[in-house]
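The task is simple: from the sequences and hints, build the whole structure.
From first to last, the protein sequence lines are chains A, B and C.
At position 163 of the first sequence the residue is numbered 163 (the working numbering), and the sequence of numbers has no breaks.
Each position in the second sequence, counted from 1, maps to that position plus 358 in the working numbering.
Each position in the third sequence, counted from 1, maps to that position plus 609 in the working numbering.
Keep in mind the hints are simulated off the structure, nothing from the lab.
Keep in mind that a hint or two might mislead.
To be verified - Derived Cβ-Cβ restraints for the label pairs, each shown as a range: (1) A:T230 <-> C:A697: 28 to 36 Å; (2) C:T726 <-> A:L195: 53 to 61 Å; (3) A:Y257 <-> C:Q872: 23 to 31 Å; (4) A:A202 <-> B:R503: 21 to 29 Å; (5) B:S499 <-> C:T726: 54 to 62 Å; (6) C:T726 <-> A:L34: 52 to 60 Å.
Keep in mind that this is a model prediction, so the values were computed, not measured.
Glycine residues also receive a C-beta, built at the ideal position from the N, C-alpha and C atoms.
So the chains spell out like this:
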Amino acid sequence: MLDVADRTASARQRWPPRRPDARTLARAAVITVLLLFVLLALPQLLSLYYIDAMTQVAVYSMVALGLGVLVGRVGLVSLGQVAVLAIGAWVAARLLFATSMPYPVVLLEAGLITMVAGTVIGLPALRLRGLYLALITLMLAGAITVVLATVNFPNGGHGFTGYNGSSVHIPPIRRPSIAGGDPAYFRYAVVVAALMFLLAWAHIRTRPGRAWAAIRQSEPAALAAGINTTLYKLWAFALASFITGVAGGVLAGAVHYLYSIDFPTQDSITLLAVVLMGGAYSLWGAIIAALLLQLLPALLNNWGVSADWLTILFGIGVLQVLTTAPAGLADQAPKDLARLGRLLLALARRLAPSGGTR
Amino acid sequence: MTGTAGGVNAANGRVDVADLTVRYGGVTSLDGMSVTFEPGTCGLIGPNGAGKTTFFNVLSGFVRPAAGTVRAFGEDLLSIVHYRRARWGVRRTFQTEQAIEELSVFDNVAMVHEHSRLNGSSRVKDVLSAVSFVGLDVDPSTRVRTLSAGQRRLVEVARAVVGRPKLVLLDEPAAGLPDEETEHLGAVIRQIPEQTGALTILVDHDMSLVSACCATTAVLDFGKLIASGPTDEVLRDERVISAYLGTAEVS
Amino acid sequence: MPSWQDFQPFIVSGLALGGVYALSGVGMVVLYQATGVVYLAFGAVGAMGALIAWSLIQAGAPGWVGWLACVAFGGAITLAYGMVFGPALAKRDPLVKAVATLGLTLVLFGVMDLLWTTSGGESRAITLPTDNSGFMVGQVQVNWTQVIGLAVGVAITVGIGAFLRYTKLGTAMRAMANDREITATLGVPVRRVEAAAWLGCGVLAGAAGLLLADLVALDAATLTFLVISSLAATLIARLRSITLTFAAALLIGLVHDLLTPIQSLTNYRDMTPFVLAAVALLVISRRRVMTASREET
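Pasting the structure below:
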């Protein structure tokens with residue numbers, strides 16, 4: 001029809017819109033400045049205790065990122081991400097002890113192997129409905145914890161598991177040659193994390209991200225639009241597992257010694273809680289989640305307050321987020337984040353050893 | 359957008375349904391449904407629970423029938439995997455809104471084009487053409503979240519007609535829309551076969567819309583076909599009237 | 610490979626454990642059917658109840674007071690949760706409702722660790738008077754607590770089955786499982802039926818917590834996550850059939866304990882619930898085809 005052809009032609013002239021996109025530029029500027037600050041200035045300002053905590057924040061920001069992609073972007077709930085982290089850490093530790101491969105290669109391999117494991121395990125589970133998928137991942141986490149408790153983390157021994165039960169002197173897991181000290185390793189961890197965030201961002205802005213948005217909205221509609229939902233869900237699992245595997249590698253170097261009790265089932269639940277509280281949809285939410293998970297306990301520990309209060313807080317936080325979110329498990333803009341921020345600030349003020357009583 | 363390899367052609371631009379039966383959990387939603395949909399726009403009506411959405415679900419591949427076949431454009435539709443049917447040319451709208459809020463109008467429509475493995479170089483043209491066709495007068499880069507209900511419906515119709523669809527399934531596209539927008543929708547739907555070469559099946563409860571758009575109509579009741587033929591004849595058919603009145607009395 | 614002799618005591622303990630898993634599983638299935646909530650806090654509630662009982666007994670109260678407190682706590686906290694968060698989340702996806710109960714789990718977990726710290730090496734135990742008396746079946750020693758474990762599982766399964774089928778309240782619960790909205794329009798006091806379901810489930814959680822604390826260990830983390838075993842049983846039963854839940858629970862308990870004397874597998878026996886549930890779910894999901902939304906016209 002002439003009319004449609006006419007309108008199409010004029011629409012084509014105006015496409016693609018050449019918006020100056022001030023918002024995107026501003027956001028990029030803020031992120032760059034923040035990143036530079038964290039890399040250059042922060043290590044000078046913090047004590048070793050807090051540098052250690054912030055390294056953990058970098059590690060767990062990646063884990064939260066993976067879970068955030070699954071929950072916030074695709075709508076899949078995994079209650080076993082800490083078990084995946086453990087796998088990544090295990091693989092990295094094994095490689096670091098058994099070979100002298102450069103650190104980035106080890107991280108990459110840990111990520112890839114964990115990705116394969118995550119995909120293989122995820123494939124049959126993907127046919128399950130959301131609730132069953134979540135429950136199966138919970139049980140899977142339990143199973144992996146059992147295996148880890150028996151197999152143990154590598155400690156420099158030989159054989160496939162690299163575990164020597166009767167070792168008297170256990171060597172620490174090595175760090176990259178350029179980042180042996182804690183402040184340097186912190187920077188290393190932040191750089192790796194930034195790369196992972198970039199990887200996730202690239203996915204979200206292109207075809208997989210759009211497909212995930214369709215799947216999250218409605219799987220039948222996505223299928224009807226020609227999207228191979230199983231493939232894209234698997235892709236999300238693969239991405240989350242890869243990122244978490246790399247995080248495991250960074251964790252191995254950070255702590256030097258790994259024990260299976262460091263990865264209890266409960267942590268997977270707490271992780272989901274903070275990811276929901278921080279906002280599963282936005283990438284910033286992963287950073288907030290990591291701060292909640294690793295910085296707050298360090299602060300409380302320093303002030304002599306039990307970390308159990310945080311567990312309780314996170315439990316309440318989950319209930320709060322779920323009852324106020326209008327639809328879906330992950331709201332796009334966590335409304336109570338501001339309220340949470342104020343709550344934490346109040347808590348911090350009250351617990352600060354100096355600075356006046358209230 | 360006409361004249362493709364499997365395009366409208368009296369010989370094979372039809373959809374032949376033979377003996378289609380669907381059973382789920384003790385309920386027989388479709389009971390030996392046999393009907394032929396001729397090229398053009400066809401209506402599919404019936405009281406609530408008659409099996410219309412079930413039929414669409416069979417065509418989309420979400421439900422496996424217990425028996426029966428569907429031949430569309432000369433091919434066995436049921437043998438195609440569900441996510442590949444869009445590539446083949448099945449397009450569908452749903453009763454509940456499915457336009458993706460967080461993406462732009464362009465991305466919503468382009469997604470269907472992309473996943474139907476259509477030629478990337480003609481994507482912009484095809485998408486903008488579809489958007490113009492449905493008469494959606496907004497900047498294609500607008501987020502769907504900011505659009506009104508009627509505009510979102512048009513986005514969904516655009517998704518259904520972009521590229522080279524063969525079979526367009528519209529499931530109550532006018533539900534909840536004011537008269538003016540329903541009329542506009544009707545005008546768009548009427549032109550789909552001519553513009554795209556696709557066979558369009560329209561499910562709706564709005565009889566004026568159905569008679570305005572559809573040359574022929576089929577009627578389902580309790581999963582069985584009770585009438586089919588030219589729309590105005592079908593709407594006057596006694597069996598059809600009593601089927602609707604029958605359920606009206608109960609509810 | 611161990612001999613038949615070696616397996617026998619584990620058959621007994623496995624059945625007892627399975628019985629308690631059945632008790633938990635049936636409780637969770639009924640609640641799910643009535644409200645759509647998978648009560649993942651079941652284990653944590655039982656754990657805290659058991660710890661409360663322990664504290665009371667340590668403080669000198671007679672045993673039965675402790676046990677009553679345990680069961681009462683289970684009922685009370687579950688009812689409270691259900692009455693506050695049930696309506697708030699009533700229209701949401703079952704996944705959301707289940708994740709919400711994880712919130713409760715975390716809260717209880719934190720409270721338990723605060724009030725009854727685990728670090729410090731102090732090990733606690735709950736002993737029931739029935740632990741010390743028993744009888745012989747063939748060559749195996751069976752104590753009365755184990756009998757209670759299995760018996761309670763059987764009784765609850767049969768009892769609840771009958772309750773659901775023959776009582777007014779039970780029928781109302783089954784109706785709600787089918788369609789809450791329609792049931793409400795039929796004049797059924799939906800809120801009251803839900804309250805009954807929550808209370809009943811909570812009471813069972815307390816009872817299960819007490820028995821598991823005796824049969825397994827009185828440890829917050831262990832008891833909280835033992836819910837996974839019962840959960841596996843409910844998943845095998847597709848969260849629907851209580852008879853299937855019962856059978857699956859017994860199977861899980863048996864397989865788990867029977868692996869104990871097998872040297873090569875004993876360390877992995879805690880994987881039993883996962884493996885069984887995963888296999889079952891995969892077999893079941895093979896036959897399912899995705900169905901679109903529930904709107905059928």
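Here is how each hint holds up against the structure:
no.: 1; hint: A:T230 <-> C:A697: 28 to 36 Å; result: 34 Å, holds
no.: 2; hint: C:T726 <-> A:L195: 53 to 61 Å; result: 40 Å, violated
no.: 3; hint: A:Y257 <-> C:Q872: 23 to 31 Å; result: 29 Å, holds
no.: 4; hint: A:A202 <-> B:R503: 21 to 29 Å; result: 23 Å, holds
no.: 5; hint: B:S499 <-> C:T726: 54 to 62 Å; result: 57 Å, holds
no.: 6; hint: C:T726 <-> A:L34: 52 to 60 Å; result: 39 Å, violated
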